[in-house]
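Starting from the structure of chain A, add chain B where the hints point.
Protein chains: 2
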Amino acid sequence: MATPTIDSAALTSGAFGPAAALSCRECGERYDLGPIFACAFCFGPLEVAYDFSGGVTREQIEAGPNNIWRYAPLLPVSADVASRPNLNPGFTKLVVARNLGRELGLKDLYVKDDSGNPTHSFKDRVVAIALEAARNFGFTTLSCSSTGNLAGAVGAAAARAGLRSCVFIPSDLEAGKVVTAAAYGGELVAIEGTYDEVNRFCSELIGDPVGEGWGFVNVNLRPYYGEGSKTLAYEIAEQLGWRLPEQIVIPIASGSQLTKIDKGFRELIKLGLVEDAPYKIFGAQAEGCSPVSAAWKAGHDVIRPVKPDTIAKSLAIGNPADGPYVLDVCKRTGGAVEDVDDTQVVDAIKLLARTEGVFGETAGGVTVGVLRKLVETGQLDPDATTVVLNTGDGLKTLDAIEGTTGATATIRPSLDAFRAAGLA
Amino acid sequence: MATPTIDSAALTSGAFGPAAALSCRECGERYDLGPIFACAFCFGPLEVAYDFSGGVTREQIEAGPNNIWRYAPLLPVSADVASRPNLNPGFTKLVVARNLGRELGLKDLYVKDDSGNPTHSFKDRVVAIALEAARNFGFTTLSCSSTGNLAGAVGAAAARAGLRSCVFIPSDLEAGKVVTAAAYGGELVAIEGTYDEVNRFCSELIGDPVGEGWGFVNVNLRPYYGEGSKTLAYEIAEQLGWRLPEQIVIPIASGSQLTKIDKGFRELIKLGLVEDAPYKIFGAQAEGCSPVSAAWKAGHDVIRPVKPDTIAKSLAIGNPADGPYVLDVCKRTGGAVEDVDDTQVVDAIKLLARTEGVFGETAGGVTVGVLRKLVETGQLDPDATTVVLNTGDGLKTLDAIEGTTGATATIRPSLDAFRAAGLA
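First to last, the protein sequences are chains A and B. Going letter by letter, the first sequence gives residues 1 to 424 in the UniProt record's numbering. Going letter by letter, the second sequence gives residues 1 to 424 in the UniProt record's numbering.
Next up, chain A with everything else stripped away, as it sits in the complex (with noise of 0.2 angstroms):
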């Protein structure tokens, strides 16, 4: 890996707030904070640790934006970030789902809905706190390896902030996906081969003094960029008048965002923002690519690679690299991983959208079908306070239910016609 340029200056006139270093998810070993993602000892990935005695209160935080920066008291981010130029995302709406609950039969449900994020996904909060990683570290071009949601979002991001993007996405993507990343501008750079490939080509530019000033997200800034998702459990808590929910559904792709959703509610039950009461967190996966429900199934806590094969797109992640910690989560708070087949995920998208007016993506499909097995075999309780999350927009996945979506009726223009389909 090409040596990280560092201006240590910066680390030290608290650029990462209250960030106090990287420390290693397996082995505990602690290192400068710094572009780096793997422990040099045991390969384990590295996590930022944080030093908040300091504190915060609600107050303060009430008092700051509508957006992931009112919490950058425990962010890896400076006092000042709110002033920098960014695409300020987060605060999204948690929807009191009062229909969808009567349908399924939960007293007390809400969705939490990032659609309403810059660019309509949940990776607008992970990318927003890599960019500040990027700028502390010197970086002057922002990159990625994606097929959909990410590379938008970092094309966006550097837009916005005035840094070089280049992102890299398999060249058999489909076109809609092509012309949605490529709009911000920036380069983007069709690999010719599977997306595997191109994460493997993202790993040796990384290595090569070629790739020296760039900041992959979702690679070297991945320490950083993970923390992002915590902001999600922030939201929901001081959404819900400062309280944890009872309940989870959250999607899992490589599961890193069910994994620092639980550290977010963790840190509040911590510094005292709410108080410590038990929540469970459910882990939901597509059935075409379900690796970590099918060890949780089978009572393993390794997990066994699959090739996927499912129209959830954007948690297409055959080998999981957060896998194991989030069996870890799920078995602590009393959880369980479930999934649902292709056509529930049809199914819940459309019943998302008809109950609530909230058109998700297919990854909310597999949390709101999940979500309905699980209270279908009982394994939710129908009276706790429960939240199920949308992370991304039904406009980016239209193909899911394009066959199974159309017009009521066709119709000559007349009363009479209007009258013989029935519709009056």
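Honestly, the hints are just simulated from the structure, not real lab data. Keep in mind it's a predicted model, so treat the numbers as computed, not measured. One or more hints might be untrue.
To be verified - To give an idea of the chain B side of the interface with chain A (calculated C-beta under 7 angstroms), a few residues:
no., residue
1, Ala156
2, Ala183
3, Glu197
4, Asp208
5, Ala353
6, Arg354
7, Glu356
8, Leu395
9, Thr405
10, Gly406
11, Arg412
12, Ala424
Idealized CB from N, CA, C, for every residue including glycine.
Frame of chain A; chain B shown alone:
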């Protein structure tokens, strides 16, 4: 027209908040609040007249929710509107557009980005107000004619509110738009005919007993519906720190939005919420549907209808009902009306995305394109506080940029190939 069923008890109990009556925009005749839209004497359009004698303070507004209901005291809705199931649109971002401003030579430029609304266009604002009126009038079906954004906004709003929805579209609409409109599960009726024929059919339906209990948001609920656009004016002023912009560029479809933003600014002045400072309003059209711009340039005060031919389909109204009022507003405020061709629309969509990370609809391409043209022709003061509206989302009009946007390069997964492509 079928006799409107009005619950007069509801109307006297503050159901419409500060709204006192409907008044004819042409002759000033006043009517009780009801589901009517045209003056019985002169056929002029009716609009909501208010009694603001109760007043409202900045502090009251700032203590309200982060959506349009913070302005409930200025809208035809009850004081407890926020507690009723609805999509809670509005309070979208006012983006400080430093990069775009620098590129165009504007020192203090902002983009009001309405793609952040629940169904990603400003239509959620107007539909939310129409929904309240529909509830007050006891309507059970929410309806509209539409070729896109409005159908989704109505379907989603009705779903959340638990009303039936039935929207009418031309049967030759593109598949993607049909899916988007149908996603919310309401009835979607394709009419064999042009958009004009769809509209004529809807008017017939309202006048027939079959249409009893139907609220067409843009027909018999139009006076209420239109008021939703005032919230853009309120938000812009509040987000600028309670001051009016000196210049604002607004798209023209029917022209209603532009006139209502002017109405909103004047109300803020009258209520003492902002200083009484001059502002100039500029209207933006696509050349392929520019009847208002043509009238402006010719110095006419009537609009000559055109047959639309532009990629900016959400603005493609050939006979804009509020066109003459737009001319009045632009003349009175010292603004202008300008148009750009489809190539300039596409360039402007890309310019906005590349500089600010905001991927706008074709309507956003029209306003940003016109903004640029107004600068180039010396019609804008480069030092003045300027706002440009993006009223919709680029994901809905991907086809507009598809032919001109794509991968920078396609390469094999190797560093040599990467270097050879000149990307290093």
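Do the hints match the structure? See the list:
1. About 3 angstroms separates the beta-carbon of B/Ala156 from the nearest beta-carbon of chain A, less than 7 angstroms, and the hint is met.
2. For the restraint placing B/Ala183 at the interface with chain A, the shortest Cβ-Cβ distance is roughly 5 angstroms, inside the 7 angstroms limit, so the hint holds.
3. Satisfaction of the interface hint for B/Glu197 is found here, the shortest Cβ-Cβ separation to chain A being roughly 5 angstroms, below the 7 angstroms cut-off.
4. The restraint placing B/Asp208 at the interface with chain A holds, with a minimum CB-CB distance near 6 angstroms, inside the 7 angstroms limit.
5. A distance limit of 7 angstroms between C-beta atoms decides the matter here; for B/Ala353 the minimum to chain A is near 5 angstroms, and the interface restraint holds.
6. Interface hint status for B/Arg354: upheld, as the beta-carbon distance to the closest one in chain A is roughly 3 angstroms, under 7 angstroms.
7. With a cut of 7 angstroms, the hint placing B/Glu356 at the interface with chain A holds, because the nearest CB-to-CB distance is about 6 angstroms.
8. Because the smallest distance between the Cβ of B/Leu395 and any Cβ of chain A comes to about 4 angstroms, under 7 angstroms, the interface hint for this residue holds.
9. The criterion of a C-beta within 7 angstroms of any C-beta in chain A is met by B/Thr405, whose closest approach is roughly 5 angstroms, and the hint holds.
10. Here the hint on B/Gly406 is kept, as its CB sits about 6 angstroms from the closest CB of chain A, short of 7 angstroms.
11. Look at B/Arg412: its Cβ gets to within about 5 angstroms of chain A, closer than 7 angstroms, so that hint holds up.
12. Nearest Cβ of chain A to the Cβ of B/Ala424: about 5 angstroms, under the 7 angstroms cut. The hint holds.
When held up to the earlier numbered hints, the structure conflicts with none and fits them all.
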